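Enquirer: Chains as they are written, first to last, in this note's numbering: chain S, 1 to 391; chain W, 1 to 303.
None of these hints come from the bench; they were simulated from the model.
Here are the simulated SDA-like cross-link-like pairs (lysine to any residue), alpha carbons at most 25 Å apart as the crow flies:
#1 Lys111(S) with Glu89(W)
#2 Lys191(S) with Asn291(S)
#3 Lys209(S) with Pro105(W)
#4 Lys125(W) with Thr266(S)
#5 Lys41(S) with Pro105(W)
#6 Lys279(W) with Leu25(W)
#7 Lys124(S) with Ile216(W)
#8 Lys56(S) with Glu121(S)
#9 Lys226(W) with Leu85(S)
#10 Lys27(W) with Pro292(W)
#11 Lys90(W) with His118(S)
#12 Lys111(S) with Asp101(W)
#13 Lys90(W) with Ala42(S)
#14 Lys111(S) with Asp176(W)
#15 Lys124(S) with Asn212(W)
#16 Lys226(W) with Ser142(S)
#17 Lys209(S) with Met194(S)
#18 Lys124(S) with Leu170(W)
Here are the computed distance ranges between Cβ atoms for each label pair:
#19 Gly293(W) with Met194(S): 38 to 48 Å
#20 Asp114(S) with Asn152(W): 49 to 59 Å
#21 Pro256(S) with Phe22(W): 47 to 57 Å
#22 Pro292(W) with Gly169(S): 23 to 33 Å
#23 Glu198(S) with Glu41(W): 38 to 48 Å
#24 Lys209(S) with Asn215(W): 49 to 59 Å
#25 Gly140(S) with Asp256(W): 35 to 45 Å
#26 Glu38(S) with Asn215(W): 47 to 57 Å
#27 Glu41(W) with Gly82(S): 55 to 65 Å
#28 Pro292(W) with Asp60(S): 22 to 32 Å
#29 Ala39(S) with Lys197(W): 50 to 60 Å
#30 Asn215(W) with Gln29(S): 49 to 59 Å
All values derive from a computational prediction rather than experimental measurement.
Backbone N, C-alpha and C fix where the C-beta goes; we use that ideal spot for every residue, glycine too.
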Amino acid sequence: MKIHVTGYGLISSIGTNAEESIESLRNLQTGIERGKSEATKAYNLGAIHLSNDELKKRFDLKTDGSRTALLGMVAAKQAFEGHELSENIRTGLISGTSVGGMDISEVEYKKYLDQDGHNPENYKHHSSGTSSDQIANELGISHFVNTISTACSSAANALMMGARMINNGMLDRVVVGGTDSLTLFTISGFKSLMIFDEDWCRPFDDSRKGLNLGEGAGYIVIESEKSLEISKKQPLALLSGYSNASDAFHQTASSPDGHGAKLSMTEALRVANIKPDEIDYINAHGTATPNNDLSESQAIQSIFKDRIPPFSSTKSYTGHTLAASGGIEAVFAILALQNGYLYPNLNFKTPISETGLVPQTTFEEGKEIRHVLSNSFGFGGNNSTIILSAT
Amino acid sequence: MYFIHTIASISHQDSFQVPNVFERLEKLGDDSDIISPNYKEYVPPTALRRLGPVLRMGLTASIECRNNVDADFDAISVGTALGCLKDTEKFLVTIHTTTSDFLSPTAFIQSTHNTIGGQISLGLKNHAYNMTHTQNNLSFEVALIDAIMCVNEGKQNVLVGAADEKIDFLAQAQPDLIPDTHPLTSGASFFVISPTKGSTGIGVRDVHTNFNATNIAKDIQDFLSKNKLTTDDIDVILSSNEQPFSDKQETLNYLDYSGMHYSAPAFALHLAHDYLLSKGKKFALIVNDMCPGRLGLTLVEKQ
Numbered sequence: 001m002k003i004h005v006t007g008y009g010l011i012s013s014i015g016t017n018a019e020e021s022i023e024s025l026r027n028l029q030t031g032i033e034r035g036k037s038e039a040t041k042a043y044n045l046g047a048i049h050l051s052n053d054e055l056k057k058r059f060d061l062k063t064d065g066s067r068t069a070l071l072g073m074v075a076a077k078q079a080f081e082g083h084e085l086s087e088n089i090r091t092g093l094i095s096g097t098s099v100g101g102m103d104i105s106e107v108e109y110k111k112y113l114d115q116d117g118h119n120p121e122n123y124k125h126h127s128s129g130t131s132s133d134q135i136a137n138e139l140g141i142s143h144f145v146n147t148i149s150t151a152c153s154s155a156a157n158a159l160m161m162g163a164r165m166i167n168n169g170m171l172d173r174v175v176v177g178g179t180d181s182l183t184l185f186t187i188s189g190f191k192s193l194m195i196f197d198e199d200w201c202r203p204f205d206d207s208r209k210g211l212n213l214g215e216g217a218g219y220i221v222i223e224s225e226k227s228l229e230i231s232k233k234q235p236l237a238l239l240s241g242y243s244n245a246s247d248a249f250h251q252t253a254s255s256p257d258g259h260g261a262k263l264s265m266t267e268a269l270r271v272a273n274i275k276p277d278e279i280d281y282i283n284a285h286g287t288a289t290p291n292n293d294l295s296e297s298q299a300i301q302s303i304f305k306d307r308i309p310p311f312s313s314t315k316s317y318t319g320h321t322l323a324a325s326g327g328i329e330a331v332f333a334i335l336a337l338q339n340g341y342l343y344p345n346l347n348f349k350t351p352i353s354e355t356g357l358v359p360q361t362t363f364e365e366g367k368e369i370r371h372v373l374s375n376s377f378g379f380g381g382n383n384s385t386i387i388l389s390a391t
Numbered sequence: 001m002y003f004i005h006t007i008a009s010i011s012h013q014d015s016f017q018v019p020n021v022f023e024r025l026e027k028l029g030d031d032s033d034i035i036s037p038n039y040k041e042y043v044p045p046t047a048l049r050r051l052g053p054v055l056r057m058g059l060t061a062s063i064e065c066r067n068n069v070d071a072d073f074d075a076i077s078v079g080t081a082l083g084c085l086k087d088t089e090k091f092l093v094t095i096h097t098t099t100s101d102f103l104s105p106t107a108f109i110q111s112t113h114n115t116i117g118g119q120i121s122l123g124l125k126n127h128a129y130n131m132t133h134t135q136n137n138l139s140f141e142v143a144l145i146d147a148i149m150c151v152n153e154g155k156q157n158v159l160v161g162a163a164d165e166k167i168d169f170l171a172q173a174q175p176d177l178i179p180d181t182h183p184l185t186s187g188a189s190f191f192v193i194s195p196t197k198g199s200t201g202i203g204v205r206d207v208h209t210n211f212n213a214t215n216i217a218k219d220i221q222d223f224l225s226k227n228k229l230t231t232d233d234i235d236v237i238l239s240s241n242e243q244p245f246s247d248k249q250e251t252l253n254y255l256d257y258s259g260m261h262y263s264a265p266a267f268a269l270h271l272a273h274d275y276l277l278s279k280g281k282k283f284a285l286i287v288n289d290m291c292p293g294r295l296g297l298t299l300v301e302k303q
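All chains should be built: construct the whole structure from the sequences, respecting the hints.
Expert: What follows is the structure, given as structure tokens:
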């Protein structure tokens, strides 16, 4: 069964919608910059410079929630704009998040430790599932809600589950994607892993040192044929391939040869029923950690051999938005299919010595792009690939 | 039908490696504690030391399931509502109290919800589909929906389960984060489901979730009629509420036996399975309304 994409929405440090994001991508304008607060001034981050109150006001949000939930509402509402709720279209929301309401909980827990005005009521926003309930309520979606939490592959897995629920006849239309806000918890966590680059991250460059964190949300709307007949929406793209596999190598590191990545790319190509040489662009996971980029490069070489399509990591613009990244990058993929865009990989100078791979470094448009492959790999060896195709 | 081939539960009951959990089932008292298996038989001691309760329980229950079936799992679907709370709290304390530039990453690494699924894949060297679902009290039901889809798609041995752990701090967050009708507990229940009939002939026939449930009785009626059944056909209702839905069948509150944690509905499936097995009955219905408005329904059948 064909899975039709009929809407998309995103927010990140390079824009509050698709138009702004493309302008930034075109102008080589990154959203990553030095943190502005006392707690973040030591880090390069892809932060969104709108407070929670500003988000609520500017995007007319009616539902309260954590910053993760609010960012999710902004992007999901954009994606769902122009869609109508109908009793005849069973509509669900499947959202990925890794931090949930941690942005509120970590502040509240500090008050608890300091015995300074601790208010337990604020933990009602903590659970990741609750953030999805809040996004669904904002959209008025009532048939099904679920949250996927597989760290950095969460949104890609949400896309996959949505497509499978349509294929299994359980839902007709699903808003799928992911959201994560910047938190002290994740900033300190990645610092403890010593995989930050103090400078601007350099995906696929030989001198890369690590990632920059970002925040944001990205969602797409997918529909069955039957749903399209009722909604009369124009398909923008197809979600043609998806897969998830386990690297089963290490809790945080990828296997040197990218075994899990190879499995997920191979299976996604099989689901999409296309050959590797039909892929016109790869939006890589490309976090810019020494481990990921080498492992992913080797997996890409193993699948695509000597015919490697243009590839890049847009995390050099947005930072690594964790559970949101697969959603944001799916929107980039759809825009690439619609407009023939190829996105540059910023800060690349020297190929990784082991692989010699050179990513796309300029913004191009008007190319013929039929199939885009997008990778998302998470902690726990959780490797996911989705393929978006032209209608 | 999605047949249950094996079950491993770690709970406040004598539920691990027992033929039937009803044999020694008792309502939880105030001093009740979790009954832990000998984890060292499943996880090397060096690894075990690093793992918080939810990871120990989830990994051990999964390995036990693997030991009981003949083939590798071809899909793994895990539910957890609040995830690795102990490691999450530990890392929160670290970042709020440490001034050093060097923080230990272990608690952070183990704080993500999918550490449970990741540890299972690592422990079993399993490269298959591996998913983690988190949806408050419905976390197990959504994991089960995923597992059912895996079977529909041709998978033969699907590991599905749920695990949640209690930390002392959680009492502070009651009832905003978790209800306070029962003592807070921990627990994990894992199952292998398959399209082929297992030795008991018992399986899951259907699952339904509704996060905006306003009329539970109507949801139950619709769910049963979709399955061409009425409440009269149901032999036992396992509910999370004292309120009986009908006086035609036995009703028991599974929280009386599991205590309060959001993976308790997975333990309820263990109870339902063993009830049908020991009494030779046909249908059990699990009604999960632990959180107001968030309803899960699971229909269990013996063929």
